[in-house]
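Asks: Listed below, chain by chain, are the residues.
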Amino acid sequence: MSKFAALSSAVAASETTAPLQVRSNGRWKGFVLPVFALVLWWASSELDLVNSALLVSPLKVLETAIEQFSSGKIWIALGASLGREAAGFAIGTFAGLILGGLLGFVPLFNRIVGPSFNTFKQISLFAWIPLLSVWFGLGEVAKVVFLSLAALLPVVVNTADGIKNTPPKLLEVAQVYGYTRWQTITGVILPAAIPSIFTGVYLALIYSWLATIGAEYLLAAGTGIGNTLVDGSEHFQMDLVIFGMVVIGLVGWLMNALARLVERRISLGYGRS
Amino acid sequence: MTQSSLAVIPVDTDEKDSVRKFGSLFLLRMGDRLLPWLLPAVLLVLWQTGVDQGWISPQVLPSPAFVLETLVDLVKSGDLWLNVSVSLQRVLLGFLAGSLLGVLLGCVLGLSRQIESYLLPTFNALVQIPVLAWMPFVLLLVGIGEPLKYILIAKAALVPATLNTLQGFHQVPPSFREVASVYGYTRRQEVFEVILPLAAPTIFTGLRLGFTKAWLSLVVVELVASSEGLGFLIVYGRQLFQLDLVMAAVIVVGAIGYLIDRFLDFIESRLMGKRHLPAFRRVQ
Numbered sequence: 071m072s073k074f075a076a077l078s079s080a081v082a083a084s085e086t087t088a089p090l091q092v093r094s095n096g097r098w099k100g101f102v103l104p105v106f107a108l109v110l111w112w113a114s115s116e117l118d119l120v121n122s123a124l125l126v127s128p129l130k131v132l133e134t135a136i137e138q139f140s141s142g143k144i145w146i147a148l149g150a151s152l153g154r155e156a157a158g159f160a161i162g163t164f165a166g167l168i169l170g171g172l173l174g175f176v177p178l179f180n181r182i183v184g185p186s187f188n189t190f191k192q193i194s195l196f197a198w199i200p201l202l203s204v205w206f207g208l209g210e211v212a213k214v215v216f217l218s219l220a221a222l223l224p225v226v227v228n229t230a231d232g233i234k235n236t237p238p239k240l241l242e243v244a245q246v247y248g249y250t251r252w253q254t255i256t257g258v259i260l261p262a263a264i265p266s267i268f269t270g271v272y273l274a275l276i277y278s279w280l281a282t283i284g285a286e287y288l289l290a291a292g293t294g295i296g297n298t299l300v301d302g303s304e305h306f307q308m309d310l311v312i313f314g315m316v317v318i319g320l321v322g323w324l325m326n327a328l329a330r331l332v333e334r335r336i337s338l339g340y341g342r343s
Numbered sequence: 103m104t105q106s107s108l109a110v111i112p113v114d115t116d117e118k119d120s121v122r123k124f125g126s127l128f129l130l131r132m133g134d135r136l137l138p139w140l141l142p143a144v145l146l147v148l149w150q151t152g153v154d155q156g157w158i159s160p161q162v163l164p165s166p167a168f169v170l171e172t173l174v175d176l177v178k179s180g181d182l183w184l185n186v187s188v189s190l191q192r193v194l195l196g197f198l199a200g201s202l203l204g205v206l207l208g209c210v211l212g213l214s215r216q217i218e219s220y221l222l223p224t225f226n227a228l229v230q231i232p233v234l235a236w237m238p239f240v241l242l243l244v245g246i247g248e249p250l251k252y253i254l255i256a257k258a259a260l261v262p263a264t265l266n267t268l269q270g271f272h273q274v275p276p277s278f279r280e281v282a283s284v285y286g287y288t289r290r291q292e293v294f295e296v297i298l299p300l301a302a303p304t305i306f307t308g309l310r311l312g313f314t315k316a317w318l319s320l321v322v323v324e325l326v327a328s329s330e331g332l333g334f335l336i337v338y339g340r341q342l343f344q345l346d347l348v349m350a351a352v353i354v355v356g357a358i359g360y361l362i363d364r365f366l367d368f369i370e371s372r373l374m375g376k377r378h379l380p381a382f383r384r385v386q
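In order, the protein sequences belong to chains A and B. Reading the first sequence from the start, the letters are residues 71 to 343 in this note's numbering. Reading the second sequence from the start, the letters are residues 103 to 386 in this note's numbering.
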């Protein structure tokens, strides 16, 4: 457990800590490179510097974006993807909290199930898709099962670890004050474990978003933002591909921002970070 | 681990009494050893009997014995080694290229505030787009051949390497750099003798994380676009509806991922002298 925990908290650290911020007086400098790249891109496609059908102009991408928004296609795709994500995230997190809680609180359960779980999670997540597609088909069920799995793993690991790593001194204090077991759990262990549990939930949100795209990519049936990418790729529509990438990036960024906001609220509530 | 879980729920007194007797202590120890095997054993037996008794169709879930047989066949025929070596080559080269570039980029960003303020925002924005979303883009640009795999695996490894290196640079206390400048260290000496040794644990964490991501990306890329490799083996088995092959390949993927993770862990503890791992994390 400890290996993965250390690693996953490192993942969390690199993904939860705000991307190293540039000092505010230099903000404009950040835009130099993108603007320069955009101009270069636009110029090379306008002037036919590179002879390739794949080099679509930025204007074409913008056109595609407008077309996608005005026809409502993107909303359908995004709605399908986000609905799936929400379902998988909810199921996976819920199951993960229960399983992680059991692993953390019940030593016997931990002894019996822990090692099997640790072995199980070694399997690369996406390798499950072909198996799931046999068991659940190519439709919505297989996708949601896969997303739940993606959300489940980080929640279990971080919940169990948060509970187990309650500082022994706090537990001693609770014992000295004659806390009942229930009081110890709600008053000492859970508050101490909250940051770690939240890290798990946060990772679950990110993982399930990645998994959504992966599931749509690999179980290519139905609608979704991943399918938009596949369509663009199959029809050599670079504009659609680029548009899809930007949307995926934006959604991921929004989720990050949202989760960080919630995290700040929660850690404020407990007076620790 | 056991230490802290015992702390959570106190040992019952009657259990302590029984522990006093040597015989039961031995039994307890044995039981403790065997407990982790209970669940897999029960599942395997259920699975095997389920298939044997015809509760589960072998098409949906081939029996463990059959999967093992397929695995042995794969090893004997050399197919396994062929595909494993292809996958390993991809992941190792991609990882090496990506992490090397990542550490370099991290150093450059870490050394110059100017470059950082120009480059980092763009980098951060590009990082928001996951490897999976880059795939169709790169696919259109370079086609479905080997470069696609190397680029995506390298990208997966590059991001954590860059960010952790940069973080490692930022973590160096300013006083250390002041001392270096007082002693008239050159830039190069400062980097190699002051900053990098201090940043090493953070950078190594980035490399490990990068490897995990590279391995994950390898599987995805091979699932989508390849004609050899472990991911291909999985897709191939799926297409032929040979789930035994799929499961055998999945097991190999898991096992290799695990072994490499253990190996990196070993190197890390050697390299870092275990000083940055809290003691309670190292039980077991």
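Incorrect hints may have been included.
[Said to hold, decoys possible] Stretch-level coverage of chain B by chain A, calculated; a stretch enters the list once three of its residues show a Cβ under 8 angstroms from a Cβ in chain A:
1. 174–186
2. 236–246
3. 335–344
[As the list claims (entries may be wrong)] Chain A is nowhere near these chain B residues, computed Cβ spacing over 10 angstroms in every case:
4. Q150
5. C209
6. Q230
7. Y252
8. A282
9. R290
10. E292
11. W317
12. V321
13. G356
Just so you know, these hints were derived from the structure itself, not from any lab. From the three backbone atoms N, C-alpha and C, an ideal C-beta is built for every residue, glycine too.
Asks: To test your reading of the hints: which numbers does this structure violate?
Replies: Violated hints: 1, 6, 11, 12, 13; rest satisfied.
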